[in-house]
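*Asks:* The primary structure of each chain is shown beneath.
Protein chains: 2
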Amino acid sequence: MLLLKNVYLNGAQKDVLIKENLIDKISDEVKADGVEIIDCKNKAILPTFCNMHTHASMMFLRGVGEDLELFDWLNKEIWPREEKLTEESVYHLSKFAILEMIKTGTTAFLDMYFYTNATIQAVLETGVRAAITYLGIMDIFDDHETSKHIDNAQKFLSLRMPTTRLQQGLSCHAVYTTSERLIKTFKQMAKKEDVLFNIHLSETQKEVNDCVEKYGKRPGRLLDEWGVLDKKSVLAHAVHLDDDEIARVGQSGAVVAHNPVSNLKLNSGQMPLQKYLNKGLKITLGTDGVSSNNNLSMLDEMKIAALSGKNQACDCCAAKVNTIFEMATVNGFEALGIKAGRIEEGYLADFMLVDLNNVFLNPSYNLISDMVYAADSSCITDVFCDGKCLMKNGYVKGEEEIVANFKRVCKDLL
Amino acid sequence: MLLLKNVYLNGAQKDVLIKENLIDKISDEVKADGVEIIDCKNKAILPTFCNMHTHASMMFLRGVGEDLELFDWLNKEIWPREEKLTEESVYHLSKFAILEMIKTGTTAFLDMYFYTNATIQAVLETGVRAAITYLGIMDIFDDHETSKHIDNAQKFLSLRMPTTRLQQGLSCHAVYTTSERLIKTFKQMAKKEDVLFNIHLSETQKEVNDCVEKYGKRPGRLLDEWGVLDKKSVLAHAVHLDDDEIARVGQSGAVVAHNPVSNLKLNSGQMPLQKYLNKGLKITLGTDGVSSNNNLSMLDEMKIAALSGKNQACDCCAAKVNTIFEMATVNGFEALGIKAGRIEEGYLADFMLVDLNNVFLNPSYNLISDMVYAADSSCITDVFCDGKCLMKNGYVKGEEEIVANFKRVCKDLL
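Sequences listed follow chains X and A, in order.
Sequential numbering from 1 applies to the first sequence in this note's numbering.
Sequential numbering from 1001 applies to the second sequence in this note's numbering.
None of these hints come from the bench; they were simulated from the model.
As the structure is a computational prediction, the values presented were derived from the model and not from experiment.
Every residue, glycine too, gets a C-beta built ideally from N, C-alpha and C.
Some clues are possibly wrong.
[Stated by the list, open to error] Quick list of in silico lysine to aspartate or glutamate cross-link-like pairs, DMTMM-like style, CA-CA up to 20 Å:
1) LYS1041(A) / GLU400(X)
2) LYS1076(A) / GLU69(X)
3) LYS41(X) / GLU1069(A)
4) LYS76(X) / ASP1315(A)
5) LYS1206(A) / ASP315(X)
6) LYS407(X) / ASP1355(A)
7) LYS1217(A) / GLU1193(A)
8) LYS206(X) / ASP1355(A)
9) LYS320(X) / GLU1069(A)
10) LYS1019(A) / ASP1039(A)
11) LYS41(X) / GLU1401(A)
12) LYS1041(A) / GLU69(X)
13) LYS14(X) / GLU29(X)
14) LYS41(X) / GLU1399(A)
15) LYS1320(A) / GLU36(X)
[Unchecked claim] One side only, chain X facing chain A, incomplete, derived with CB under 10 Å:
16) TRP73
17) PRO80
18) LYS84
19) VAL261
20) VAL321
Please model the entire structure based on the sequences and the hints provided.
*Replies:* Spelled out as structure tokens, the structure:
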């Protein structure tokens, strides 16, 4: 058991008792014997972040091919380098990605990439949570490829995860790279196993136009008619939905993973966040891969989600700080079926401690606003996941080795 | 003398010799006797930032009145609290603002606020550079008020600054709050003393519309016809300039201080950065006050300048990383007439050291891109201004006291 003594929670000093992996008790004073006590003077407790869209192992591509046209960027800079990836390199890249997540207060992520076993191993060792999805992609002209993906996905789903911190899921890349058969089959398989289905949806106007040309309808409507939209589907980007598609997504309960930095950087457009919120859509937040961000910081993502949300709505009252913070925390955890993202009794002990003497968190008039707009990683001193300490006083155990291995692996890939 | 040993500069290891306040020598190996040596293994040297638009003492308003309409925000939240300011509180607020700047790698700023003597004292004690301007505001229906401002400005300009780190200037708030007589007189006085003149220009479409209604022309054209535009004029915001005004600003050599975060947060609009760059305008970067940001980090400002620049131009090749970095560094220093912002022999020794083992600066493929998009304050280990160390290993001398005084002052103001 762990007792957080005199920690600020919603502006008042409290004691917080952690029993096993749960927040057991919150009150003005908790008395308990035989517990480890952490003196939290001048610290506040907050839920950790849930990054709902990333390709964690793309860390090696940070800063590669800046300011290029999309086609040049993918063809000349990104794809040739990704071809060099191996199981071993993805393991080290994933560990480094998770290190960056922990340093920025994230304890859960939804990942869509290759070499899933390597990423699963990295999650196991680092102590975070993740939904790791098997990714089906580029099968669109190749029925044999589709069948191969289905076999692989079946094998992937038959694995048993050794911890509740890990869950499996299935991903398809997008309607313009993936066949109808694969998308429908993956969703059916995901439904049968009650796991998440993840897909990029309407990231660019070109995707919408091409889809209308090919299928005679927009991607969101297509997915709905294919039976893909429900509460266990996570739609990454969803920048360009028309009113009909917004209604379909809303009725289905499907989750939107909003990636404002990536959308701005790649000139995909600005998702109409406030409009979606007004229509009752479930919105979560993700960083996308670092190649279009260029970090995995949900702090940066929150600030830019708020700013982009106001700009897109032409309304300085849009994209309010509490809404943005919930998108980055409890909304993501809920979408993953994890009872975390709030500091309340009975919730899982995924939390961070922040230093109220840090410049960015002063004058501490509105801590949530400070986290959304002002904070950076220097504010976060401690990170816990599932009741276990992953970062203490800014230090993650073994971080030097993780960085050194990352540097070594990148030399071969770049 | 100070010798930076084995420091990364443009991707190669160098020795950098600092003599007095100058970068004296850069080469593969510098041999010098009787110098203090700093081992810079795994560190890179970069120029520090110049924040070209701020109201430093607004630090106490961080997080106050989030997500409100502009009018409610100013009338109910901001202005009543600003009325409580005193010389003493502004001194402590300024010191805290400068602490935040140093922590985020900024060593120079252009300030527009009240109680200039208090801010000057804070600059003197903390060791940074600043252009402190006397601010004329709200005289528009009051000729007596205009005369009072002119007297005060004359007295302010007659002060002699005790260090080259400080320079004086004059500010007018904007054409909608300030009379023609005050703007013209302040510019003439600034010209006579060869100091900067600073004004908010065309921050909102409403400002433009109101100006057209009142004066029959747009604010940028008005200022040009009033003789206000030249190389020593800094135009904050400049979000809404038409082609005629862009040409006038360009021909005059006036400097634009771009504030993308503030413009997005207050829903002022997005400045057409790439268009201005294409037209040859001199663009610098500023944070504005924290009340509309909510920090003084030029790192955040660069990221959002790049993202907003691409989005506004509908072009992922716009707002390139090197351009953004120069806006935040050398362009600002040049506008202040300070030979800093580059790590080259003969430049002033304003520089930072960054930790190449920090997660955000890996794989170190493109350090400038890493600084613009990925870095946060945790990357910056040391900050020097005018040859003197202001931050060592992340610590600024006396920072605890600065924070404590800030907390105390804020209690009275909030």
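*Asks:* Would you mind marking each hint as holding or not holding in the structure?
*Replies:* Results for each hint:
1. The suggested pairing of LYS1041(A) with GLU400(X) holds, with an alpha-carbon distance near 15 Å, which does not exceed 20 Å.
2. Under the criterion of a C-alpha separation no larger than 20 Å, the hint pairing LYS1076(A) with GLU69(X) is inconsistent with the structure, at around 46 Å.
3. Restraint check: the Cα-Cα separation between LYS41(X) and GLU1069(A) comes to about 36 Å, which exceeds 20 Å; the hinted pair is violated.
4. Note on LYS76(X) and ASP1315(A): the hinted pairing holds, with a Cα-Cα distance of about 19 Å set against a maximum of 20 Å.
5. A distance of roughly 14 Å separates the Cα atoms of LYS1206(A) and ASP315(X); the hinted pair therefore holds under the 20 Å criterion.
6. Straight-line distance between C-alpha atoms of LYS407(X) and ASP1355(A) comes to about 14 Å, which keeps the hinted pair within the 20 Å bound.
7. Among the hinted pairs, LYS1217(A) with GLU1193(A) is inconsistent with the structure: their alpha-carbon atoms are about 29 Å apart, more than 20 Å.
8. For the hint linking LYS206(X) to ASP1355(A), the alpha-carbon distance of about 40 Å lies beyond 20 Å, and the restraint is violated.
9. For the suggested pair LYS320(X) and GLU1069(A), the alpha carbons sit about 12 Å apart, so the restraint of at most 20 Å is met.
10. At roughly 17 Å between alpha-carbon atoms, LYS1019(A) and ASP1039(A) fall within 20 Å of each other, so this suggested pair holds.
11. Distance hint between LYS41(X) and GLU1401(A) is fulfilled; the C-alpha atoms sit about 17 Å from each other, no more than 20 Å.
12. Simply put, LYS1041(A) and GLU69(X) have alpha-carbon atoms about 36 Å apart, too far for the 20 Å limit, and the pair is violated.
13. In summary, the hint linking LYS14(X) to GLU29(X) is supported, as the alpha carbons are separated by about 7 Å, within the 20 Å threshold.
14. Pair hint LYS41(X) plus GLU1399(A) holds up; C-alpha atoms about 18 Å apart against a cutoff of 20 Å.
15. Of the supplied pair hints, the one linking LYS1320(A) and GLU36(X) is violated, its CA atoms being roughly 50 Å apart against a limit of 20 Å.
16. Hint status for TRP73(X) relative to chain A: holds, with the closest Cβ pair at about 8 Å, below 10 Å.
17. Given the 10 Å rule on beta carbons, the hint for PRO80(X) is violated: about 15 Å separates it from the nearest Cβ of chain A.
18. With 10 Å as the threshold, the beta carbon of LYS84(X) stays out of range of chain A, its nearest partner Cβ sitting at about 14 Å, so the hint is violated.
19. The restraint placing VAL261(X) at the interface with chain A holds, with a minimum CB-CB distance near 6 Å, inside the 10 Å limit.
20. Hint on VAL321(X) holds. Least Cβ distance to chain A is approximately 5 Å, under the 10 Å limit.
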